[in-house]
Amino acid sequence: MASRTPIVEIRHLFKSYRRGDQILPVLNDIDLDIDEGEFLALMGPSGSGKTTLLNLIAGIDRADSGVIQVGGIEITSLSETDLAQWRASNVGFIFQFYNLIPVLTAFENVELPLLLTSLSKRERREHVQVALNLVNLQDRMDHYPGQLSGGQQQRVAIARAVVTDPAILVADEPTGDLDRVSAEEILELMERLVHELGKTIIMVTHDPRAASKAHIMKNLDKGVLNEHRQTYS
Amino acid sequence: MNIVKLIVKNSFRHRLRTILTIFGVAVAILSFGLLRTVVSAWYAGVEASSASRLVARNAISLIFPLPLSYEDKIRQIEGVKLVSFGSWFGGIYIDEKHFFANYAVEPESYLKLYPEIIIPKDQKKAFLQDRKAAVAGRILVEKYGWKIGDIITLKGTLYPGNWDFVIRGIYRGRDKTVDESAFIFHWDYLNETLKKTAPMRADQVGWYMIGVTNPNLAADVAVRIDKAFKNSLAETLTETEKAFQLGFISMTEAIVIAIKLVSFVVVFIIMVVVANTMAMTARERIGEYAIFKTLGFGGWHIAKLVFGESLFITMLGCALGIALTFPAADIFSSALSTYFPVFNVAKKTIYMDIIASIIVGMVAALFPTWRAIKIRVADGLRRIG
Chain A
234 MASRTPIVEI RHLFKSYRRG DQILPVLNDI DLDIDEGEFL ALMGPSGSGK
284 TTLLNLIAGI DRADSGVIQV GGIEITSLSE TDLAQWRASN VGFIFQFYNL
334 IPVLTAFENV ELPLLLTSLS KRERREHVQV ALNLVNLQDR MDHYPGQLSG
384 GQQQRVAIAR AVVTDPAILV ADEPTGDLDR VSAEEILELM ERLVHELGKT
434 IIMVTHDPRA ASKAHIMKNL DKGVLNEHRQ TYS
Chain B
150 MNIVKLIVKN SFRHRLRTIL TIFGVAVAIL SFGLLRTVVS AWYAGVEASS
200 ASRLVARNAI SLIFPLPLSY EDKIRQIEGV KLVSFGSWFG GIYIDEKHFF
250 ANYAVEPESY LKLYPEIIIP KDQKKAFLQD RKAAVAGRIL VEKYGWKIGD
300 IITLKGTLYP GNWDFVIRGI YRGRDKTVDE SAFIFHWDYL NETLKKTAPM
350 RADQVGWYMI GVTNPNLAAD VAVRIDKAFK NSLAETLTET EKAFQLGFIS
400 MTEAIVIAIK LVSFVVVFII MVVVANTMAM TARERIGEYA IFKTLGFGGW
450 HIAKLVFGES LFITMLGCAL GIALTFPAAD IFSSALSTYF PVFNVAKKTI
500 YMDIIASIIV GMVAALFPTW RAIKIRVADG LRRIG
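Protein chains in written order, with my numbering: chain A, 234 to 466; chain B, 150 to 534.
No lab work stands behind these hints, which were simulated from the structure alone. A few of these clues could be false.
[Unchecked claim] Quick list of the computed label-pair ranges, beta carbon to beta carbon:
1) A:Asn369 <-> B:His163: 28 to 38 Å
2) A:Asp254 <-> B:Ala403: 33 to 43 Å
3) A:Glu242 <-> B:Ile418: 55 to 65 Å
4) B:Ile418 <-> A:Asp264: 53 to 63 Å
5) A:His439 <-> B:Arg532: 13 to 23 Å
6) B:Arg532 <-> A:Arg358: 52 to 62 Å
7) A:Asn369 <-> B:Val176: 44 to 54 Å
[As the list claims (entries may be wrong)] Example chain A residues on the side facing chain B (calculated, C-beta under 7 Å, incomplete):
8) Asp294
9) Leu311
10) Thr314
11) Ala317
12) Ala321
13) Phe326
14) Glu341
15) Glu344
16) Pro346
17) Thr350
Computed from a predicted structure; not experimentally measured. Every residue, glycine too, gets a C-beta built ideally from N, C-alpha and C.
Starting from the given sequences, assemble the full structure and let the hints guide the process.
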């Protein structure tokens, strides 16, 4: 069971995009608390602002106004450099299209975030092996992304996301490009990360089956978080 | 894994494009190196000149001679150690296409004044003893397959008639700056013949070569020599050997400037080619750079990736270009030995190759790096899907 301490606190968050002369509001006065160890699914129609909200929480986009605190740090006031450093040690990313570097092996892809740490080569190797064991891909560490199936690539991406042991994992449609069986495997893996390692996962998805694995499901529509449903599984 | 490995892997992601770019840089560096070597070859005479030697010629022009009688007067001037003299012969071997420098000198003093011309002792002795003897440089001898004892006939242009010489020696240069393709013979042979065929032209020399006791006083000695012949029928213009050689180059300065310009244009063109390659690379990888940023890599890391790849490609091309420059220079040298008797790829040229490549690599990476750093992570990720 997840603890009740909020790891993410969002207050009065506004975000809009400019398209030519037009300003398109995307997020409108969002307030949100996400507890540590929680598995949150963000749902909503296309263009509702799900990915934008996820990007803001992960520190890869800037809000127009409002405050986002993650693990007690107000990331909305950090500089680009500080934000990059903060992301490196606090957030793991899982993308719909895996976003692995095609010229690097599975091992090297997972090792990538560790290049920013002060770990020795031996320590990095140990960390990568643990991460690849976790996703059950230790026998594919020398394979290039092009030599792996979609599901396997996503598992490598998850290994890359957890290798620095971040508190939060953000996942944008992690099963969107996978067949049902692979999607199921990925979701099970994500559940394990929450239950066994105590990670907090924020997942954007269109898939109700994927969302059903989350503890909490929130719906975002026209920039407003207007309903939620507790779904402890 | 480290960033260098990633740079190498990235560089060969589009193998054909990278190989073609490397080849392009190599050809540019080869061209640049050869053109700079041509410029160096132009200045070879200047490089080989000695600070302790002066050249005195007719003040009006080099084509006007000086009286032989000046020799003793020059020798008596304070600061003069040694005096020799020579005349340009301008003879043709076989036909005009087989050009090489040939001139008459007073052999004993000339060889003392030019210790960089190395002749085996026995050959030197044979050369000095025989008035019809000549010595030829190693390159010239190799080119025409001459041997000691061969009789070589030159057709005179400035001095009409067919002139026979016996090869008595083959000289080598003490170092690479010495021209090894000249043909040198006794001034006495020329003068004695002129006394019979054209007495008005006898007892005249083309220029005096003067060794000074102290190189630091060379300028003062030159002034003294010119002063000694002031208001005579043939006033002298005495200058250091270097200035004398530079005087020749100044006649063709426009060509040298044109070659230098072309060499820099070649570098500029390849800079544009590499910049285009790097711009395409950066455009294709904007999404990837966004991923790197997402993972926490900063602008400095992205810059290292782009600059590293650009420099890796250009330096590979540079290494290949430099490696090709030496055999190409050898081919060039043997084909144009008559025009460029000293054609060596200088260390300075290699350094210029390397510096040019670094500049090309850096400049080509500037714009792509700026783009890669400036892209917002969310925008970059949106491009991937």
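Evaluated hints:
Restraint check, asparagine 369 of chain A to histidine 163 of chain B: a C-beta distance of roughly 34 Å satisfies the suggested window 28 to 38 Å. A beta carbon spacing of about 59 Å between aspartate 254 of chain A and alanine 403 of chain B contradicts the range 33 to 43 Å that was offered as a hint. Between glutamate 242 of chain A and isoleucine 418 of chain B the Cβ separation comes to about 58 Å, which falls inside the hinted range of 55 to 65 Å. Evaluation of the 53 to 63 Å hint for isoleucine 418 of chain B and aspartate 264 of chain A yields a pass: the beta carbon distance comes to about 60 Å.
Against the hinted window of 13 to 23 Å, the Cβ-Cβ separation of histidine 439 of chain A and arginine 532 of chain B comes to about 21 Å, which satisfies the hint. Taking the beta carbon of each, arginine 532 of chain B and arginine 358 of chain A are about 33 Å apart, not inside 52 to 62 Å as hinted. Our hint of 44 to 54 Å for asparagine 369 of chain A and valine 176 of chain B holds, since their Cβ atoms are close to 51 Å apart. Annotation: aspartate 294 of chain A was flagged as interfacial toward chain B, and the flag holds, the nearest CB pair being 4 Å apart, inside 7 Å.
The beta carbon of leucine 311 of chain A comes no nearer than 12 Å to any beta carbon in chain B, farther than 7 Å, and the hint placing it at the interface is violated. Here the hint on threonine 314 of chain A is kept, as its CB sits about 6 Å from the closest CB of chain B, short of 7 Å. The beta carbon of alanine 317 of chain A is positioned within 7 Å of a beta carbon in chain B (closest approach about 5 Å), and the interface hint is therefore held. Evaluation of the alanine 321 of chain A hint against chain B yields a held restraint, the C-beta minimum of about 2 Å falling below 7 Å.
Taken as an interface hint, phenylalanine 326 of chain A checks out: its beta carbon lies about 5 Å from the nearest beta carbon of chain B, inside 7 Å. Evaluation of the glutamate 341 of chain A hint against chain B yields a held restraint, the C-beta minimum of about 5 Å falling below 7 Å. Hint on glutamate 344 of chain A holds. Least Cβ distance to chain B is approximately 5 Å, under the 7 Å limit. Interface restraint check for proline 346 of chain A: the shortest CB-CB distance to chain B comes to about 5 Å, inside 7 Å, so the restraint holds.
Violation of the interface hint for threonine 350 of chain A is found here, the shortest Cβ-Cβ separation to chain B being roughly 10 Å, above the 7 Å cut-off.
Of the numbered hints stated above, those contradicted by the structure are hints 2, 6, 9, 17, listed in ascending order.
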